[in-house]
Amino acid sequence: MPETTPSAGLVATPVSLWRRAKNWVMTSAAVACVLLVLLPLGAIFAYLVIKGIGSINWAFLTQTPKPVGEPGGGMANAIAGTVLILAIASVGGVPVGIGAGIFLAEYGRNRFGDVIRFTADVLNGVPSIIVGIVAYALVVIVQHHFSALAGGVALAIMMIPTITRATEEMLLLVPNAVREAAYGLGVSRWRTTLSITLRTATSGVITGVMLAFARVAGETAPLLFTAFGNQYWNWKLNQPTAALSLQIFTYAISPFDEWHRQAWAGALILIILIVLSVSAVRVAASRGMLKGAN
Amino acid sequence: MANQALGAPRLPGPQPVEKKNVAVSASSRSVPLIGMRSRPWADRLFYFAMLACGLCVLALVGLILYQLIVNSRLSWHAFGVKFFFRSEWDPVNDQYGAWPFVYGTIVSSFLALVLAVPLAIGVAMFITEMAPRWLRGPLAFTTELLAAIPSVIYGLWAIFVLVPLLRLYAEPWLAKYFGWTSAVTHRFGFQGPFEGPPFGIGMLAAGVILAIMVIPIISSITREVMTAVPQQQREAVLALGATRWEMIRTGVLRNARVGIMGGIILGLGRALGETMAVTMVIGNRPDISASLFAPGYTMASVIANEFSEASGDLYLSSLVEVGLALFIVTIIVNILAQFLVWTVTRGTPARSNA
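The listed protein sequences derive, respectively, from chains A and B. Note that this note's numbering numbers the first sequence so that position 80 is 80, with each residue one more than the last. Note that this note's numbering numbers the second sequence so that position 327 is 327, with each residue one more than the last.
So that you can see chain A by itself, here it is in the shape it has in the complex (with noise of 0.2 Å):
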C-alpha cells in the first residue's frame, strides 16, 4: 500500500486492478473446485440410480447367484450374509465400544486416559485390510474355515476405535452438575454413569454408533479373506458367507454384462440398506424409543 498520511488512511483508497483481479480469480478459483469435487459425487449417485434401478427386481432381492452365463438370479444369500456379518460386528463392537468411551469419559481424564485415546486413534487409522490379516489369523487359522464370524470380528475392530471416541466426546457434554446432582441424591457412581451421564448423551453416541456402522458396512477389504464370499445360503457362523460388498467386488471385475449389471444393483441396495438403517435408528431414537433424559 502507499504511503498514507493517516488522515488519509480513513479515506478509501482506490484498491489497484492487478489485486482486484487476483481476487477475482482466486475467488473463481474456489469455486470452480467446488464443482470439480461435487461432481464425481453426483455422477456417482446418477450412476448408481440409473444404472442400478433397471436390475433390481424381485428375483434379484429373492434368489441366490446363478451359474455364469445363465440369466436371472440375484444377490438375496448376499444381501443376507452382510446382514448376518454386521450384526456380529455389532454384538461384539458397540458394547465395548461404548465401555471403552465411557472409560475414556468417567475415569481417563489422565495420562493412563491418554495413551488410550491416542491407541483408539491409531486403530482408526489402520488399513482395513491390515484387520483383515488379523481377523484371518485369529479365527479363520483357528476354525479352519473362512466363515461369518471371521468377517464379524475383522468388521468388530474396525467399528471400536469411532464409537469409543464419539462415546467419549458426547458423555464430555454432560454438564458436570447433572452429575454431582446425581451423587448429592446418593446414587453411586456407576448407577449415575449408566441411568444419568450415559442417558442424556443417548442420541449422541447413537450417531457415533451409526458413524461406524456406515464405515464397516460397506467394506471389502477385511473381508476378502474372512467371510470370503458363498453362492449359496448361509446361516452357520463357522462357514463361509456371502456379503454384498464381496459380491460386487467379484461382479465387477468379471467380464460379463449380466454380472456388471448385477454390481450395479448390488451397489445400489448397499448404499439403500446403510441409508435405511441409519435413518431406522435415528427415528426410532427421535420418537422416544431409545430416547435419553434431555
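Keep in mind that the hints were calculated from the coordinates and are not lab data. All values reported here derive from a predicted model rather than from experimental measurement. Cβ coordinates follow ideal geometry from the N, Cα and C atoms, glycine included. There may be inaccurate statements among the hints.
Reference listing, derived: stretches of chain A covered by chain B, where coverage requires no fewer than 3 residues with Cβ under 8 Å from a Cβ of chain B [stated by the list, open to error]:
no.: 1; stretch: 27-35
no.: 2; stretch: 127-141
no.: 3; stretch: 223-229
Covered by chain A, per the in silico footprint, the following chain B stretches (three or more residues, Cβ under 8 Å) [what the hints assert, rightly or not]:
no.: 4; stretch: 143-157
no.: 5; stretch: 232-244
Over 10 Å on every C-beta distance to chain A, these chain B residues come out as not near it, computed from the model [what the hints assert, rightly or not]:
no.: 6; residue: K82
no.: 7; residue: F83
no.: 8; residue: F85
no.: 9; residue: W99
no.: 10; residue: V107
no.: 11; residue: L111
no.: 12; residue: R133
no.: 13; residue: P172
no.: 14; residue: W180
no.: 15; residue: F199
no.: 16; residue: A290
Position chain B relative to chain A; hints supplied.
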C-alpha cells in the same frame, strides 16, 4: 453390562434422578438412596468392566502388531531388509520382493495428493471464507458425503465410468500435449510419464480415484483448522485494506498452514492403505514403469488379490510382511498428522506472521 443385572434387583429406587426437578421430592426417598452408597463393590466392578473395555483398545493394537510380526517371521528370515528392495515377485520359484508394490503405493498416493490437495484446500477456503452463510452447512455436508461412500462403489464407478473416460479422452490428450516430456526422461533412461498405449486402467486411474476419495478428509481438516484461526486475524488484515484473497492468504492460510499440512498427511495415510478402489483399477501387475499409463500394483492390492490363494508358507509370510510394513508406515503417518492438527486446533493460538 453384567453388573447392572447384579446390582439392579437390590436397588429400591433408581428412577427418581431421571427428571431434573426431583431434588425436592427426593427427600422422601433419602433412606434407600443413602443405603446405596454402602455398596462400593458395585462401583469397583463397574470401573473394572469399563477399564477392561479401554484395555481392549490397547490390546487390539498390540495384537495386530504381534500377529503381523509373528506371521511374517519366515519371510523376514529368508530375505531380510532387502525384501523391500527386491523387484522380483515370483510365487512359482518362491522368490519374493516387495519393491514393485512399495513403488506403486508411493506413486499412486503421491499422484492422488498432487491432484487432491489444491482442490481440497479450494473447497475448504470457499466453504469457510467465501460462501454465503446459508450455503456453508449444505456444502460441508455434501463434501463429507463423499467420505461415506464405500470404497467398492468408488471402484465400481471407476471401472465403468472413469477408466473409459481416461482411455478415450484424458490419456490421448495428455500424450498429445505433454508427450514431449518423454524426450527429457529418455535422456536419463526412463520412460516418459505420459508414454505408452492408453489402457485407461493403470497408475493414473488409481491416482485419480484415490484423489476423489481423499479430498473430503483433507478438506474437512482444512476447514477445521481454518475455523480455528481467530476472527481478529481476519478483521486485522481486512482493516489494513486487504482484498478478500489477500486476507485469506495472509490472515488465514498462513496461520493454518501447519494444520493443513496435518490434513494432507492424514489424507496420505488414507491413500496408502486404501485397497478396493485401487485394486479394481490399477491393473495389478508387479511391474515398475515410469509411465502413469502403465499398470502397477500397490501393497494393499497385492494382499487383497493374493492372500486367500497364497499357497506355501513363504508366500503367505511375504504377504504378511508387506502388511506389516504398510501398518507401520500408516501409523507413523497418522501420528504425525494428528500431532500437526493438534498443534493448531488445541495448542496456543497460532502466531501471526501477517
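* **Unsatisfied constraints (hint numbers, rising)** => none
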